[in-house]
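Next come the chains, spelled out residue by residue.
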Amino acid sequence: MKTPVSVLLFGIARDLVGQSAIICSLPQQARISDLLVHLHEQHPALAGIKSLLVARNGEYADADVLISPTDEIAIIPPVSGG
Amino acid sequence: MIALTPDPIDISSAYKYLQTDGAGAIDFFFGVVRDNTPGADGQRRDVEKLEYEAYGAMAIKEMQKIADEAHRRWPILKYAIVHRTGTLRIGEMAVLIGVATPHRAEAFEATRYIIDTIKQTVPIWKKEIFTDGDVWVNATP
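The listed protein sequences correspond, in order, to chains A and B. For the record, in the first sequence the residue sitting at position 23 is 23 according to this note's numbering, with numbers rising by one throughout. For the record, in the second sequence the residue sitting at position 58 is 58 according to this note's numbering, with numbers rising by one throughout.
Please keep in mind that the hints were generated in silico from the structure rather than gathered at the bench. Please note that a few of the clues may not be correct.
Covered by chain A, per the in silico footprint, the following chain B stretches (three or more residues, Cβ under 8 Å) [as the list claims (entries may be wrong)]:
hint	region
1	18-24
2	54-62
3	66-75
4	111-122
Being a predicted model, the structure only gives us computed values, none of them experimental. C-beta: ideal position from N, C-alpha, C; glycine also.
Put together the whole structure using the sequences plus the hints.
Rendered as structure tokens:
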């Protein structure tokens with residue numbers, strides 16, 4: 001049983017994938033680490049980015065955090081504000 | 001005061017906001033768009049403009065965390081953190097940090113801490129646009 005999770009993309013991640021939001025089909029009880037594996041499989045170009053962090057509901061989330069289908073998930077490439 | 005804005009940053013309104021009777025020092029940092037950057041080969045590349053993009057709600061939250069931490073470390077009376085988004089030309093202001101404290105040393109330190117930490121944690125990205133291409137800053141090995 002797979003669960004659709006919507007994922008926001010910013011900066012270079014959005015440019016490489018070509019969309020600002022995508023739906024990922026993840027197993028139930030998936031963790032942030034599972035999402036990253038899934039994304040790299042579906043979008044190999046993401047490997048060209050120096051590092052990727054993930055935000056869950058507007059907060060940086062560690063690899064072992066569980067994802068719920070209602071979460072707002074965002075891919076955070078290296079930041080460069082200022 | 002913490003804000004993201006697509007409009008030019010207004011220094012005088014930030015200054016007015018920071019003025020308070022207990023302040024003996026108001027320190028400002030302005031980040032502005034430079035006309036060049038070192039390329040991958042170390043050679044100077046001419047920059048035409050920058051494009052800033054933010055994950056708005058999270059960027060505000062992260063800037064608030066930085067301001068709260070600065071508040072814990074220094075006796076800050078008032079602060080202003082304003083970051084631009086969108087397309088910026090050479091010389092335009094990308095970020096304004098302003099801190100009001102009783103004495104100057106803590107204003108300098110807090111301002112420096114705020115801008116340095118913004119560059120590390122806040123989800124804002126800039127793309128440098130050259131005449132012959134573009135690059136997301138700090139994004140690739």
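The hints, checked one at a time:
1. Restraint check on the region 18-24 of chain B versus chain A: 0 residues with Cβ-Cβ distances below 8 Å, three needed, restraint violated.
2. Counting residues of the region 54-62 of chain B whose C-beta lies closer than 8 Å to any C-beta of chain A gives 6; at least three are required, and the coverage claim holds.
3. Judged by the Cβ-Cβ criterion of 8 Å, the region 66-75 of chain B is not covered by chain A as claimed, because only 0 of its residues qualify and three are needed.
4. Chain A is given as covering the region 111-122 of chain B, and this holds because 6 residues of the stretch bring a CB closer than 8 Å to a CB of that chain, at least three being needed.
The structure is inconsistent with the numbered hints 1 and 3, although it conforms to all the rest.
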